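> So the protein sequences, as listed, match chains G and V. Here the first sequence stands for residues -14 to 306, numbered as in this note's numbering. Here the second sequence stands for residues -14 to 306, numbered as in this note's numbering.
Calculated directly from the structure, the hints in this document are not laboratory data. Some clues are possibly wrong.
No distinction is drawn between identical chains; accordingly, a pair holds when it is met within one copy or between any pair of copies.
To be verified - In silico EDC-like pairs for lysine to aspartate or glutamate, Cα to Cα no more than 20 Å straight-line:
#1 Lys77 - Asp(-9)
#2 Lys190 - Glu287
#3 Lys190 - Asp(-5)
#4 Lys190 - Asp145
#5 Lys40 - Glu29
#6 Lys40 - Asp127
#7 Lys281 - Asp70
#8 Lys190 - Glu20
#9 Lys281 - Asp(-9)
#10 Lys148 - Asp268
This one's a predicted model, so the numbers in the text were calculated from it and none came from an experiment.
Protein chains: 2
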Amino acid sequence: MAVYTDITDDELATLLADFDLGAATSFKGIAEGVENSNFLLETETGRYFLTVYEKRVREADLPFFLGLMQWLEQHGFPSARPIPDRNGEILKRMRGKPCALVSFLTGLSVRRPSVAHCREAGVSLAALHLAAAGFPLGRENDLGQTAWAPMFASLKSAADGLKPGLAATIDADLADLAARWPTGLPSGVVHADYFPDNVFFQAGKFSAAFDFYFACVDALAYDVAVALNAWCFEPDGSFNITSARALVAGYESQRPLSQAERAALPVLAHGAAMRFFLTRLHDWGATPAGALVRPKDPLEYERKLAVHRSSPDLVLFGAAG
Amino acid sequence: MAVYTDITDDELATLLADFDLGAATSFKGIAEGVENSNFLLETETGRYFLTVYEKRVREADLPFFLGLMQWLEQHGFPSARPIPDRNGEILKRMRGKPCALVSFLTGLSVRRPSVAHCREAGVSLAALHLAAAGFPLGRENDLGQTAWAPMFASLKSAADGLKPGLAATIDADLADLAARWPTGLPSGVVHADYFPDNVFFQAGKFSAAFDFYFACVDALAYDVAVALNAWCFEPDGSFNITSARALVAGYESQRPLSQAERAALPVLAHGAAMRFFLTRLHDWGATPAGALVRPKDPLEYERKLAVHRSSPDLVLFGAAG
Chain G
-14 MAVYTDITDD ELATLLADFD LGAATSFKGI AEGVENSNFL LETETGRYFL
36 TVYEKRVREA DLPFFLGLMQ WLEQHGFPSA RPIPDRNGEI LKRMRGKPCA
86 LVSFLTGLSV RRPSVAHCRE AGVSLAALHL AAAGFPLGRE NDLGQTAWAP
136 MFASLKSAAD GLKPGLAATI DADLADLAAR WPTGLPSGVV HADYFPDNVF
186 FQAGKFSAAF DFYFACVDAL AYDVAVALNA WCFEPDGSFN ITSARALVAG
236 YESQRPLSQA ERAALPVLAH GAAMRFFLTR LHDWGATPAG ALVRPKDPLE
286 YERKLAVHRS SPDLVLFGAA G
Chain V
-14 MAVYTDITDD ELATLLADFD LGAATSFKGI AEGVENSNFL LETETGRYFL
36 TVYEKRVREA DLPFFLGLMQ WLEQHGFPSA RPIPDRNGEI LKRMRGKPCA
86 LVSFLTGLSV RRPSVAHCRE AGVSLAALHL AAAGFPLGRE NDLGQTAWAP
136 MFASLKSAAD GLKPGLAATI DADLADLAAR WPTGLPSGVV HADYFPDNVF
186 FQAGKFSAAF DFYFACVDAL AYDVAVALNA WCFEPDGSFN ITSARALVAG
236 YESQRPLSQA ERAALPVLAH GAAMRFFLTR LHDWGATPAG ALVRPKDPLE
286 YERKLAVHRS SPDLVLFGAA G
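The shape of chain G in the complex, shown without the other chains (with noise of 0.2 Å):
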């Protein structure tokens, strides 16, 4: 959660006065995403979602995200929509800073989600992949395994205060995961941080998706591995096959996996949860001062991290049903 960029009143007039949306009626700072500030606008003409974006999104990332999340829009995938000013511009600045306004989403998180929801889960991302497919921009996957290990080698010292031998641990994972790591498995446009916080519900059923500031080209299966991580743990640290089935099958009634990407599910959930812990490790100990994010736990997911280096093939239960 996090607001980093305070705008003013005289600031929203003047990025307003490029569109066309009339005056602004009401606007709110919002506590929600980690990596940009978020803004709730009400205009004459509607409700929309400003957000600034800060130092950890790249700026020549943007088209790719914004183009990403129109593109999704026009092939009937429920997301965000990116307004354009009067001159057709999508990317905008304030503060210096880029920006962009898009359409307002309703919609809950589910906190915890239930089989059901997992199921919803699993259905909408693979409606997104198939949604993606034939959008022409790329993106490397600069969070992928080929990064773990440099990123790890300056907080090895962080794991170690985390919990007492942690490095070693994660150094013998990083060269098991690189000695495994999979290739050659269908790749295409991948959310690559689908988590229950960016996915909104309502009634029960999936009705939209968003932050799509980690999207980028890599295996589909990765994703549905984050997915697993991400959806199908309880609070209590177990793995809950029963979710992980429904997220699995939810995924396969839009796109049946491959022998291949079954068989790889285990390595890739091991590494996705590598990289949730370690961009976690990392930002437990360098979130800025006055920055209003509460850095979240890296623990959570060395816990997981402990659950697929004990049961390697835990998750090819979620892919068995």
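Assemble the complex: chain G is given as a structure, and chain V must be docked to it using the hints.
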């Protein structure tokens, strides 16, 4: 700006089950309000604001605050209306904390009030005082003049840390204020925190006031003094006489000040600057780590204190207009 309490979709559904507002369709934590956690809630029937009251608000005071909001709304002053549940209850609980739903207000706060905004601020503040007349509940001003010296007793080293020698200056101010503090002025319900960020405008006109969580019974002219400090200083620290005249003239267009009230404005403004200096000084060092609050700079009010100290009749130029 704050969201101290994290509300899940399940907890929200439990709360809404007591109301006739339909199911939630959108729910967002708002970076607004320093004292409480605030959420924008949309249901099938409309938009509402949910406030969860945190430690700093005494639960025993909530009937006064919520009753006042209800009274003001019923007496024609535009402010948020508390929403009763099916049993007529306004004060509810979530996570063991008191909370309340109020109607959603549209409008924007101004960051840099113009002279015209200051006039509107004065008009609306007098309208608030007139609408509140007759409200049957009372609440002492626990941040009033008699509270300042005891409060400062534990903040002397913080003051000297902010600016060497400041503690002695504040001690002298406090003695001076105690000696000159007026009694017997017309009293009634005051907002006590009538700052630009607690007032909404639409198309340049006052549209609503909110955040009544410092409201109490005190000298009505003290509220004018708080507003003069909050609305009529320039970013460079100078007092804008034109804005002050507009604010006082606006106020007097609805409720003329007595001679005693006019004469008391300078010392009331000096005291009002002391009250905000002291609470900001306190908060500067005392903000809890996970609070997502950016404390307000006490030096802004230290500079206002210095203006009132060196030009004790300055605000009279506002009143003289």
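> So, for every hint listed, does it hold in this structure?
Evaluation of the provided hints:
no., hint, result
1, Lys77 - Asp(-9), "within (16 Å within a copy, 32 Å between copies)"
2, Lys190 - Glu287, "neither (31 Å within a copy, 54 Å between copies)"
3, Lys190 - Asp(-5), "between (40 Å within a copy, 15 Å between copies)"
4, Lys190 - Asp145, "neither (42 Å within a copy, 58 Å between copies)"
5, Lys40 - Glu29, "neither (31 Å within a copy, 37 Å between copies)"
6, Lys40 - Asp127, "within (15 Å within a copy, 43 Å between copies)"
7, Lys281 - Asp70, "neither (36 Å within a copy, 35 Å between copies)"
8, Lys190 - Glu20, "neither (27 Å within a copy, 35 Å between copies)"
9, Lys281 - Asp(-9), "between (23 Å within a copy, 14 Å between copies)"
10, Lys148 - Asp268, "within (16 Å within a copy, 34 Å between copies)"
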